[in-house]
Every structure is written in C-alpha cells, then in structure tokens.
Amino acid sequence: GQQLNQSPQSMFIQEGEDVSMNCTSSSIFNTWLWYKQEPGEGPVLLIALYKAGELTSNGRLTAQFGITRKDSFLNISASIPSDVGIYFCAGQSGQGSRLTFGEGTQLTVNP
Amino acid sequence: GAVVSQHPSRVICKSGTSVKIECRSLDFQATTMFWYRQFPKQSLMLMATSNEGSKATYEQGVEKDKFLINHASLTLSTLTVTSAHPEDSSFYICSARTGFEMNTEAFFGQGTRLTVV
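Taken in sequence, the protein lines are chains A and B.
For the first sequence, our numbering assigns the number 19 to the initial residue and increments by one for each residue that follows.
For the second sequence, our numbering assigns the number 53 to the initial residue and increments by one for each residue that follows.
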C-alpha cells in the first residue's frame, strides 16, 4: 500500500527559529495536506496543495507540492510557543479517495 | 473551515459493554465520513469509510461486527464499539468530507478518548 515517510520525527527549537519538515512517498499523490494536532484534539487543516509545484502560504506557514508529486514540505517561520504540537502530512491519490498520513513530526518550541 | 463535532470527547466504560460515538457535520452536508483510530505517539489509522445511505467500507484487519458504523444522514455518522475490551482503549477520530471532487477537504472532529476498564 501507499506509505508516507515524514521527517524529522521530532524537533526541539528555540522561539524565533524557522522550522522545516517534509514528507516523501514512493507513489504519486494528487493532493497534499498538512495538519496540526494538539494533545487530546483532532487534526486541524493548515494548508492544502492541489497542483504539482504549488507553493502556498498561510501566515507564517509555507508548504510546497513537489514537482514529482511524491513529496511535500512545510516551513514555519519565526516559531512561537503556540506552534507546539504534532504536524502531519497527508496525501490523497485520487478523487474521493482516502487520506494517507505521515507518521507525524512532534514540534517543541522553547521560549 | 467547516465544523465537525464529535461526542463524547471522553468516555470510560466497563469491559463487555458497548459505546457509541457520534460524529456530526454542523454546517455542511457530509457525503463521506471517515473513522480513524490513533494510539499514543502514533499516526492516524483509517478504520472505515462510510457514505451516506450505504454500508461502510472497512479497512483490512478491522472487524466490522465489532466496530459498527451507521451513516444514516448527511450530517451524522456513528461508531459503536461493541463488547469493548481494554485493548479497544484508544483515541477515535472522525472526519467528514463534503463531496467526491478532488479539492473537497476533509475536516476532523475533536476526537473521543475511549478507556475500557
């Protein structure tokens, strides 16, 4: 089946630093999504990408849909303590199909 | 974004009893709802996909007689964990999608923490 490799698994950074995480796949996805999950909550959609090469921003967050359609990255600039959480990438391969999730990146921001 | 409400947020039940979890789309009609299970420090594992008015499609290894899913309306899906056992303790999350088109996003509920004692 499809698998997403997300890295890094965890990050410990200082407030104000920039963060980058990425996901790679052995197969092509037509949609890439980035979610954030806080403890005891469901994932919240941050950015959705629908076209290869697309670069989309949402405030301090920027994500790109890789040109090969097998990878995506998420950058967070000038991190703040409330950025703490687990970030998941997810890919969708076809119309109406299920989401395949990455393993998650646990982000810790030290004030 | 659209709002998906899940209830209850936490439930503790005795081993052998059944528990029902509700997932509602509050401001849109959800043609498709998904049920996930998440263990601590792990990713979301898809359990089943349900389309309104039809039987749910279960993922391999998920017992359909143990995890009963009903999607009777465009705004409500329920997951019933039957004859619960301690190993069923987990975080259950639903998500809802507005349609089948490529750019329809899936929105997640806030999750239900199930503890079976």
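Among these hints, one or two may not hold up.
Said to hold, decoys possible - Per label pair, the in silico range of CB-to-CB distance: (1) THR167(B) x ASN93(A): 19 to 29 Å; (2) SER70(B) x GLY58(A): 47 to 57 Å; (3) ARG62(B) x SER115(A): 26 to 36 Å; (4) GLN21(A) x HIS59(B): 30 to 40 Å; (5) GLN94(B) x SER100(A): 32 to 42 Å; (6) GLN124(A) x GLN112(B): 37 to 47 Å; (7) GLY105(B) x ASN93(A): 20 to 30 Å; (8) MET97(B) x THR126(A): 50 to 60 Å.
Unchecked claim - Facing chain B, according to a computed beta carbon distance under 7 Å, are these residues of chain A, among others: (9) PRO26; (10) GLU56; (11) PRO57; (12) GLU59; (13) PRO61; (14) ALA66; (15) LYS69; (16) PHE119.
Source of the hints: derived by calculation from the structure; they are not laboratory data.
Note that beta-carbon positions come from the ideal geometry of N, C-alpha and C, so glycine has one too.
Consistency of the hints with the structure:
no. : hint                              : in the structure
1   : THR167(B) x ASN93(A): 19 to 29 Å  : violated (37 Å)
2   : SER70(B) x GLY58(A): 47 to 57 Å   : violated (23 Å)
3   : ARG62(B) x SER115(A): 26 to 36 Å  : holds (31 Å)
4   : GLN21(A) x HIS59(B): 30 to 40 Å   : holds (33 Å)
5   : GLN94(B) x SER100(A): 32 to 42 Å  : violated (24 Å)
6   : GLN124(A) x GLN112(B): 37 to 47 Å : violated (28 Å)
7   : GLY105(B) x ASN93(A): 20 to 30 Å  : violated (42 Å)
8   : MET97(B) x THR126(A): 50 to 60 Å  : violated (24 Å)
9   : PRO26                             : violated (14 Å)
10  : GLU56                             : violated (10 Å)
11  : PRO57                             : violated (10 Å)
12  : GLU59                             : holds (5 Å)
13  : PRO61                             : holds (5 Å)
14  : ALA66                             : holds (6 Å)
15  : LYS69                             : violated (10 Å)
16  : PHE119                            : holds (5 Å)
The structure is inconsistent with the numbered hints 1, 2, 5, 6, 7, 8, 9, 10, 11, 15, although it conforms to all the rest.
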